[in-house]
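Undergrad: Protein chains in written order, with my numbering: chain A, 1 to 330; chain B, 1001 to 1371.
Just so you know, not all the hints are guaranteed correct.
To be verified - In silico lysine-lysine, BS3-like type, Cα no more than 30 Å apart, as pairs:
| id | chain 1 | residue 1 | chain 2 | residue 2 |
| --- | --- | --- | --- | --- |
| 1 | B | Lys1322 | A | Lys40 |
| 2 | B | Lys1322 | A | Lys70 |
| 3 | A | Lys236 | B | Lys1266 |
| 4 | A | Lys236 | B | Lys1194 |
| 5 | B | Lys1260 | A | Lys118 |
| 6 | A | Lys118 | A | Lys207 |
Calculated directly from the structure, the hints in this document are not laboratory data.
One-letter residues, chain by chain:
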Amino acid sequence: MSKRVGIPRALFYYHYFPLWKTFFEELGAEIIVSGNTTKKIMDEGSKTCVDEACLPIKIFFGHVIEIKDKVDYLFIPRFTSVSKGEYICPKFGGLPDMIRNTLPGLPEIIDVDVDLWKGGSNPLISAFEVGGYFTGDRRKILKAYNKAMESFREFRLEVKKGILPEDILNKKLRVIKKSDGPRLNIAVIGHSYNIYDSYVNMDMVNKLKNNGVNILTIDMVDSSVIKEKVKTLSKKMFWNYGTRAIGSALHFLDREDIDGIIYLMSFGCGIDSFVGDLIERRVRRKKDLPFIVLTIDEHSGEAGMDTRIEAFIDMIRWRNKGESNVSAHG
Amino acid sequence: MKVTFPHMGNTFITAKALLDDIGLEYIIPPYNNKRTLEIGTKYAPEMACIPLKINLGNYIQAYELGADTILITGGRGPCRFGYYCEMSREILADANYDMDVITIDGPNGDIKKFLEKIKKLSGGFNIYKILRVIKNTTIVAKRVDELEKLTFKIRPRELKKGTTDKVYKDFLNKVKNVKGSGEILKLIEETEKKLLEIEIDKDFVPLRVGIVGEIYTTIDPFANFYIESRLGNMGIEVDRAVTVSGWIIEHMLKNILPVKKDIQYKEAAKPYLGRMIGGHAQETIGNTVLYAKKGYDGIIQIYPLTCMPEIVAQSILPSIEKDYDIPILTLIIDEMTGEAGYMTRIEAFVDLLNKRRERVENGKNIALSWS
Chain A
1 MSKRVGIPRA
11 LFYYHYFPLW
21 KTFFEELGAE
31 IIVSGNTTKK
41 IMDEGSKTCV
51 DEACLPIKIF
61 FGHVIEIKDK
71 VDYLFIPRFT
81 SVSKGEYICP
91 KFGGLPDMIR
101 NTLPGLPEII
111 DVDVDLWKGG
121 SNPLISAFEV
131 GGYFTGDRRK
141 ILKAYNKAME
151 SFREFRLEVK
161 KGILPEDILN
171 KKLRVIKKSD
181 GPRLNIAVIG
191 HSYNIYDSYV
201 NMDMVNKLKN
211 NGVNILTIDM
221 VDSSVIKEKV
231 KTLSKKMFWN
241 YGTRAIGSAL
251 HFLDREDIDG
261 IIYLMSFGCG
271 IDSFVGDLIE
281 RRVRRKKDLP
291 FIVLTIDEHS
301 GEAGMDTRIE
311 AFIDMIRWRN
321 KGESNVSAHG
Chain B
1001 MKVTFPHMGN
1011 TFITAKALLD
1021 DIGLEYIIPP
1031 YNNKRTLEIG
1041 TKYAPEMACI
1051 PLKINLGNYI
1061 QAYELGADTI
1071 LITGGRGPCR
1081 FGYYCEMSRE
1091 ILADANYDMD
1101 VITIDGPNGD
1111 IKKFLEKIKK
1121 LSGGFNIYKI
1131 LRVIKNTTIV
1141 AKRVDELEKL
1151 TFKIRPRELK
1161 KGTTDKVYKD
1171 FLNKVKNVKG
1181 SGEILKLIEE
1191 TEKKLLEIEI
1201 DKDFVPLRVG
1211 IVGEIYTTID
1221 PFANFYIESR
1231 LGNMGIEVDR
1241 AVTVSGWIIE
1251 HMLKNILPVK
1261 KDIQYKEAAK
1271 PYLGRMIGGH
1281 AQETIGNTVL
1291 YAKKGYDGII
1301 QIYPLTCMPE
1311 IVAQSILPSI
1321 EKDYDIPILT
1331 LIIDEMTGEA
1341 GYMTRIEAFV
1351 DLLNKRRERV
1361 ENGKNIALSW
1371 S
């Protein structure tokens, strides 16, 4: 019987799932992914996780709880760095330890180190370590790795074309309501696990789309563009997400066809607190572009979120309709 | 050029020694106070951690006294502290405070400019002078920490409560007015003598509590509501493994010099957290284990709200609590922390430690009256 590997549908799932899926399936393992985020998952997660953690981490805990009894292995890689000279949030680096020391009755955790901080580090080493759980044949692992990288690249290409990862991963076709006014281009900046998990952001993506908005995310901006843009920073950002977010924001600022920027942040996110602030300062300094920060946590009320999104879109439409029409009473 | 720097507990003494010896003009910001935090909270991003807010308050208060250049250490992540310099630069610029931010941060050109500036101001100096200054500064940092550690030992044992605090406060007031590492060291020696003269109860065996957590909130007494002095006055001997001198020696000097780093805490943390994840998470875990092994009665973890590395540490601490049977209290600080609630928690924790000791002394099987 093939071994079952559990992958929580949270955090880096939205970034790396095609890679993980191909890799494990090539090695003959069966993959079990937890379901879409629900209220139950969120509640279970916030109940077990330390209060101070951010919402995405709590949700991750919830997903782990959902699948932990159904699998032989839990795949929780220890991500320290995914690109040269850049880190990711410290919580990712301690994630397997957080899970292990909080939840009882866990299956074996595959907590391979992924640390590409030093130049010349090879992710293949991590792949061999994971593959070792399933086969002793290194050639087979290498083949699986290459195939996995290929499907990952395909996935990234699709995303760059402007298809949201959520649609690719769930293989769904969106039915978009026809909306009146002309279509707007709005950039949504935020962590992939916040933007693409429609329960967490209270279906923000669909709400925007139904209001006639084209969504652009930082995953759709080419890395060479980002690299060029962040050269203007006086100190290199040492977070991978931070670099991509600021680079993309600067890119969106230079484009003429962007009508507004939404920054989606989770309450208590350390990186968002700095990156969001830096982006806001740059937007305010450079251009008269509508900008809004939406903060989500496990208490967010959907009505409040809806009101803010609607008001933001209305404001943009009014601006576009009659910019010179200044109201007499202020 | 009038240099200033952020406060962090007694770091200002070390910084003062350094700048005195180099011969730069500088302004020490007013000691951290309520207004410092209010200014910082006004300008910093809402979700930033409290050290940034206090730092910003320091800069602006120093600006009001005439400072125009900020000296701060940098870092390369993943802890947010590494980007403090950039955040401060942007925030101060937007708030119309015209200040230069100089980061002492690896070789990225910044330091070269700074050294050139110093050279111009102090009338040229050579490599021997620099080395001597670094050596003297390190000694000052070490001695200040030793003095602080001495107060930890004397405070719970003193016969007349409040004597240690008085002597130490006197030292902090005087140290601002002496100049150069030589005079500072002399003052430290005098204070040390005074501390040793305090009458103490030699037979008293105090409870021992280890303080772990994020460096700023554990070291800075304003940020942690003077926890070390308060615990001391409750008759508890505290210890804190993370110190300013330790940080200078381990993180700055040993990065350059070919000396072996202190890895005791890393070894101790291994079963729980095997890797550096940024900030002081590994120190927190490792030192907690070390304190538990040394027979301490309790551990207090302190960190600023939203601190990423310490959240990881906090989720791991319950395992150590269970494995070593040692009570751990976590205190989280932000600008809204109320002193009364904070103190109640500390007092309850101390009561718990006292009861545990009584239980051991009276034999294990005592039953509570209501159980």
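Undergrad: Work down the list of hints and note, for each, if the structure agrees.
TA: Okay, the hints, checked on the actual structure:
no.: 1; hint: B/Lys1322 to A/Lys40; verdict: holds, 29 Å
no.: 2; hint: B/Lys1322 to A/Lys70; verdict: holds, 28 Å
no.: 3; hint: A/Lys236 to B/Lys1266; verdict: holds, 29 Å
no.: 4; hint: A/Lys236 to B/Lys1194; verdict: violated, 49 Å
no.: 5; hint: B/Lys1260 to A/Lys118; verdict: holds, 21 Å
no.: 6; hint: A/Lys118 to A/Lys207; verdict: violated, 42 Å
This entry does not satisfy hints 4 and 6, going by the numbered hints stated previously.
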